[in-house]
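Turn these sequences into a full structure, and let the hints guide you.
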Amino acid sequence: MYDLPRKFTYGVIKNYLIVRGQSENEDEASLKYPGNQHAAEWYLFSDLNNPKRSGAYVTRVLDPDSADLFYVPFFSSLSLVANPVRDGPVVVEHYNDVEMQEDLMEWLGKQPYWKRNHGRDHVFICQDPNALHNIVNRVKDAMLLVSDFGRLGHNQASFVKDVILPYSHRITTYKGDIGVENRKYLMFFMGNRYRKEGGKIRDSLFKILENEEDVVIKHGTQSRESRRMATQGMHSSKFCLHPAGDTPSACRLFDAIVSLCIPVIISDYIELPFEDVIDYRKIAVFVDTDSAVTPGYLVKLLRGVKTGTILEFQQELTKVKHYFEYDDPKGSVNEIWRQVSLKVPLIKLMINRDKRLVKRELSEPDCSCLCTNQTVIHESFHDAAS
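Residue numbers (the working numbering): 341 to 726.
In short, the hints are calculated from the structure, not lab data.
Some hints could be false.
To be verified - Computed Cβ-Cβ distance ranges for the label pairs, DEER-style:
#1 GLN655 with ILE691: 42 to 52 angstroms
#2 THR647 with THR561: 31 to 41 angstroms
#3 ARG456 with GLY560: 41 to 51 angstroms
#4 ASP616 with GLN562: 39 to 49 angstroms
#5 GLN362 with GLU446: 21 to 31 angstroms
#6 ASN474 with VAL500: 30 to 40 angstroms
What the hints assert, rightly or not - Derived DSSO-like pairs: lysine-lysine, alpha-carbon spacing no greater than 27 angstroms straight-line:
#7 LYS646 with LYS524
#8 LYS524 with LYS558
#9 LYS392 with LYS347
No residue lacks a Cβ here, since even glycine has one placed at the ideal position from N, Cα and C.
Have a look at this one:
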């Protein structure tokens with residue numbers, strides 16, 4: 341891991357907190373990364389800085405010549421929102437996310453290990469879909485740790501080199517047993533009704549579902565009270581709706597998983613983390629967009645699911661939910677590093693291949709690898725309902 345200038349790590353946290361009223365004299369050692377759904381960048385950074393870490397799939401080395409990969413720990417998602425949309429108590433005019441991205445590229449450009457393989461053996465985390473937006477085309481050969489490929493081009497993202505991350509869930513993990521006795525609602529959703537791009541389906545779903553007596557579907561924005569209500573709703577429902585937002589994935593899916601609330605995924609181009617160890621068909625219901633917006637289809641489908649099938653789904657959720665806990669020693673961080681380690685042989689292959697290939701100009705991107713999943717998922721769930 342690069343020992344970046346602190347402005348790219350703790351400096352981002354400090355600017356984020358100052359603009360929200362915290363003292364500029366706050367000791368860096370006491371700075372806490374603000375809780376949000378993109379906290380993976382903090383957890384990975386902290387893990388590699390932990391001198392007591394052991395048994396991990398990756399090991400931090402201090403000799404760059406012995407490194408297989410170079411992790412660039414810029415807090416890109418936090419940097420994106422360091423200045424609030426609305427004016428805060430303090431205006432920090434000198435902070436600019438685009439300038440930070442450019443400064444990072446300038447710093448990397450001076451590093452011999454970046455220049456050696458054109459960054460192909462480097463790792464960036466850009467979990468927010470807009471993180472690193474200004475430089476992503478200049479780091480596209482590196483390994484990208486992302487939430488989905490929704491805003492990345494075919495020549496920027498690939499299953500061969502990149503890793504899909506889970507969002508850090510924002511509601512309280514359900515501690516009870518499996519069962520339906522305390523889950524009085526058929527289905528729950530709380531979130532922004534109006535989204536762009538693929539998320540336009542949400543408004544259609546609201547119109548179809550808002551008058552169903554055993555369905556709770558509410559418009560809500562991020563706040564402490566909204567999280568409290570979402571926790572209560574997810575813990576009290578059998579199924580949790582997960583429609584696409586501005587991008588195919590959202591934090592809500594992982595909130596549902598740790599709530600043992602069976603996700604109903606309506607997002608035709610979604611990518612999911614850790615699919616080599618998790619069969620999502622055992623923990624979630626997949627419904628294609630066209631079927632989902634057919635009046636009566638969803639509720640009929642879900643009301644037809646027998647209690648025994650619901651319990652089977654809940655049991656499977658209990659087996660895998662630790663993968664989505666960032667503070668679990670065997671959870672998200674450990675699994676992300678495992679996924680990263682699996683990419684190393686292929687990255688070395690691509691580095692060696694680059695050295696022998698004749699450079700050529702193509703009218704279309706040359707993606708000599710498996711790229712994003714652009715096939716529509718059709719899962720009617722009829723077998724479980726029968």
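Now the hints, each set against the structure:
1. The hint said 42 to 52 angstroms for the Cβ distance between GLN655 and ILE691, and at roughly 44 angstroms that hint holds.
2. The supplied range of 31 to 41 angstroms is met by THR647 and THR561, whose beta-carbon atoms lie about 34 angstroms from each other.
3. The hinted range of 41 to 51 angstroms is satisfied by ARG456 and GLY560, whose Cβ atoms lie roughly 49 angstroms apart.
4. Taking the beta carbon of each, ASP616 and GLN562 are about 32 angstroms apart, not inside 39 to 49 angstroms as hinted.
5. Distance hint for GLN362 and GLU446: a CB-CB separation of about 29 angstroms, consistent with the stated range 21 to 31 angstroms.
6. Take ASN474 and VAL500: their Cβ atoms lie about 25 angstroms apart, and the range 30 to 40 angstroms is violated.
7. For the given pair, LYS646 sits about 15 angstroms from LYS524 by alpha-carbon distance, which is consistent with the 27 angstroms threshold.
8. As the CA atoms of LYS524 and LYS558 are separated by approximately 16 angstroms, the hinted pair is consistent with the 27 angstroms bound.
9. Taking the CA atoms of LYS392 and LYS347, the gap is about 25 angstroms. The hint holds against a cut of 27 angstroms.
Violated hints, in rising order: 4 and 6; the structure is consistent with all others.
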